[in-house]
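Visitor: Listed below, chain by chain, are the residues.
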Amino acid sequence: MANVLLKVENLTKYFPIRAGMLARKVGDVKAVNDISFEVYEGETLGIVGESGCGKSTTGRVIMRLHEPTSGKVTFDGVELTALSSEEMRKVRRDIQMVFQDPYASLNPRHTVEKILEEPLIVHGIGSAEERRRKVIEYLEVVGLSAYHAKRYPHQFSGGQRQRIGIARALMTNPKLIIADEPVSALDVSIQAQVLNLMQKLQEDLKLTYIFIAHDLGVVRHISDRVAVMYLGSMVELAASEDLYAEPLHPYSQALLSAVPIPDPNYEREQVILTGDIPSPSNPPTGCAFHTRCPMAMEVCKQQVPQFRQVKPGHSVACHLYNDR
Amino acid sequence: MSRKKILEVKDLETSFFTDDGRIAAVDHISFSVEEGEILAIVGESGCGKSVTSLSIMGLVPSPPGKITAGEILLDGQNLATLSEKEMRQIRGKDVAMIFQEPMTSLNPLFTIGNQMMEAIQIHNKTWTKKQAKERAIEMMKLVGLPRAEELFKEYPHQLSGGMRQRVMIAMALVCDPKVLIADEPTTALDVTIQAQILKLMKDLNIRLQTAVLLITHDLGVVAETCERVIVMYAGQIVEQAPVQEIFKNPQHPYTKGLIQSVPDMRYKKDALYSIPGNVPKPGSIQKGCRFAPRCEYAFPRCSEENPELYSKTKAHTARCFLLDSENEVVLHAEMGGQVNGERIAES
Ligand SMILES: Nc1ncnc2c1ncn2[C@@H]1O[C@H](COP(=O)(O)OP(=O)(O)OP(=O)(O)O)[C@@H](O)[C@H]1O
Ligand SMILES: Nc1ncnc2c1ncn2[C@@H]1O[C@H](COP(=O)(O)OP(=O)(O)OP(=O)(O)O)[C@@H](O)[C@H]1O
Ligand code: SF4
Ligand SMILES: [Mg+2]
Ligand SMILES: [Mg+2]
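Residue numbers (numbering that gives the first Met the number 0), protein chains in the order written: chain A, 0 to 323; chain B, 0 to 346.
Keep in mind the hints are simulated off the structure, nothing from the lab.
Honestly, I wouldn't trust all of these hints.
Once the Cα atoms are required to be at most 30 Å apart in a straight line, the calculated DSSO-like pairs of lysine-lysine come out as [said to hold, decoys possible]:
1) 113/A to 280/B
2) 133/A to 205/A
3) 310/A to 268/B
4) 199/A to 313/B
5) 247/B to 313/B
Start from the sequences, fold in the hints, and give me the full structure.
Guide: The following block contains the structure:
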């Protein structure tokens with residue numbers, strides 16, 4: 000088995016809700032609630048789930064762009080959650096992020112050259128000449144050309160901008176890339192180009208990815224293992240093949256069955272959930288999914304189901320599997 | 000089985016007059032929607048889907064936009080020449096629209112009930128308040144909104160995205176329109192909510208026999224909900240066919256590429272097919288097939304002449320020279336009879 004590159008233990012992030020003149024705290028948004036998982040060297044771990052379930056927050060807390068409320072993150076043997084912010088800054092060289100909106104995340108007033116050079120300057124890597132060479136090298140790695148270096152972000156198409164975002168993440172030779180919806184804003188024909196590029200880079204540069212997305216087709220395509228989140232909790236984690244072939248959690252089952260399949264002849268049982276996604280500031284008691292779950296039992300309203308392995312490499316948080 | 004054509008768009012051109020000159024965002028498109036059917040328009044960002052729907056609704060922002068040619072016949076009446084005042088009588092009554100982001104089309108300052116009643120009373124001036132309210136609540140129940148009476152008194156921000164979209168659908172259907180235009184009605188929603196809304200739209204289409212023009216960029220949504228499909232690329236219709244045909248037997252190289260580049264959740268492919276290059280800016284390609292710069296089948300004629308829509312079958316057309324029967328000779332001569340031999344034999 001491959002080495003564990005990242006280990007997340009009981010990670011929790013609450014955002015305070017403030018109200019009134021004195022901005023007193025009146026409650027918490029339980030964005031991420033006690034989640035644990037590992038990421039192996041060289042793999043792609045996909046994280047899926049619907050809007051607001053805590054995917055981005057998970058990525059940001061790992062990077063410590065948000066401070067965790069509790070829990071522990073260990074990267075390459077170093078406990079990130081115990082580092083000072085100065086030490087953490089150095090570690091960020093090894094963990095980079097790619098964001099959904101390639102436009103918003105690139106400074107519109109800087110040339111591509113400047114944008115790509117910046118992480119090198121921040122981390123004090125190379126001489127001016129070496130940095131310039133590296134910018135050109137990585138532009139080419141992501142399928143752009145040297146002459147693009149002098150241009151500004153608005154002069155590129157969405158797909159090209161996302162390539163720049165990826166190039167920027169690669170500049171410091173990171174080990175782990177957390178890609179937060181990197182293709183969600185792109186058209187399908189462009190999305191395929193970027194996904195193929197990410198896969199090629201992973202092979203060439205031995206990268207590890209956490210790939211966050213809400214498109215289950217995209218996630219299946221790129222991931223070795225997939226985690227499903229619902230309302231701040233991780234409800235299932237399994238090898239991609241196993242999850243898509245036999246989802247165990249009722250939410251995963253409903254989620255998978257809701258995805259429209261691009262084949263008019265495909266007939267399937269659709270589980271249409273009733274009701275809306277509850278608010279993460281006031282999640283249901285017991286299993287957070289019990290208000291919409293077609294299988295819910297009495298125990299589901301009262302007890303939080305444990306997230307545990309019920310088959311080799313396949314974990315789920317659901318009372319239906321208590322005796323496994 | 001030939002149904003009546005309820006909406007006929009003929010040779011429609013809608014242009015924007017910008018600093019860069021005149022751009023035909025919708026460039027001479029023709030199609031029709033039959034009674035009771037669900038017709039999809041698919042295509043990537045900027046291809047002209049929304050401008051098409053806004054043209055039908057008489058809502059093209061003007062200036063800079065304007066319908067510069069063509070007809071839009073709704074049950075025989077040409078909407079393209081109507082004044083705004085006349086159009087107001089039609090909009091919401093004979094043809095209604097739901098948008099991608101329900102929040103922007105609901106007024107945050109008025110209750111759901113207020114807005115539903117207004118939609119009803121505009122076209123039914125003689126109705127009493129009580130009648131209008133009854134109708135509103137009936138429609139809210141029809142679209143599966145829970146506790147309709149209470150919701151009637153609530154404001155848009157108190158509803159979830161899926162509930163707001165249901166309100167929009169209820170409002171759109173309140174006057175029993177002949178055609179409902181749904182422009183990306185589920186794009187802003189989560190998949191489990193999307194599944195609810197699509198099922199609702201299909202059920203209503205069957206029950207009320209409202210014709211639906213569904214605009215989307217999601218081929219999965221198309222496969223799941225529609226009978227017929229129009230594929231747009233750079234302001235033009237490039238292919239039109241029954242849904243089975245589009246997926247089983249796509250003719251236009253763009254449609255083929257598009258279908259192959261979508262990751263299918265059921266299988267894992269090693270590498271996705273990807274169409275090289277980018278979607279062109281509108282108006283940037285003046286001569287030849289607009290897909291030619293990205294097309295792996297392109298041959299010299301493609302960058303010289305503009306392809307028209309050629310028929311594969313009566314119901315299936317594509318804008319590609321590979322379907323032009325006269326092409327066989329040209330192709331064999333130019334390509335030494337090699338490259339496209341197989342393709343021609345097929346068609
Ligand atoms: N900085 C913040 N302050 C307060 N609440 C926040 C903050 N960031 C996120 N949240 C809340 O935390 C919850 C989880 O948000 P998060 O962005 O992680 O979801 P997500 O799964 O990435 O959703 P999406 O698919 O919409 O991107 C949401 O309810 C969100 O409103
Ligand atoms: N107000 C406007 N002024 C100038 N050009 C416009 C305007 N609205 C639309 N366009 C142009 O018309 C073209 C078609 O736009 P449209 O909104 O119909 O695309 P779409 O197919 O709906 O794309 P999307 O999937 O992104 O919604 C675009 O390329 C755009 O540049
Ligand atoms: S724990 Fe209970 S409520 Fe939760 S998903 Fe499982 S069966 Fe449903
Ligand atoms: Mg997010
Ligand atoms: Mg649009």
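Visitor: Between the alpha carbons of residue 133/A and residue 205/A, is the straight-line distance 30 Å or under?
Guide: Given that 30 Å is the threshold and the Cα spacing comes to 18 Å, the pair holds.
Visitor: Residue 113/A and residue 280/B were given as a pair; does the straight-line alpha-carbon distance stay at or below 30 Å?
Guide: Holds, at roughly 27 Å.
Visitor: Can you confirm whether the C-alpha distance between residue 310/A and residue 268/B stays at or below 30 Å?
Guide: 26 Å, holds
Visitor: Mind checking the alpha carbons of residue 199/A and residue 313/B for me, to see if they're no more than 30 Å apart?
Guide: Between residue 199/A and residue 313/B the Cα gap is close to 43 Å, so the pair fails against 30 Å, i.e. violated.
Visitor: Residue 247/B and residue 313/B were given as a pair; does the straight-line alpha-carbon distance stay at or below 30 Å?
Guide: 16 Å, holds
Consistency note: the structure conflicts with earlier hint 4 alone.
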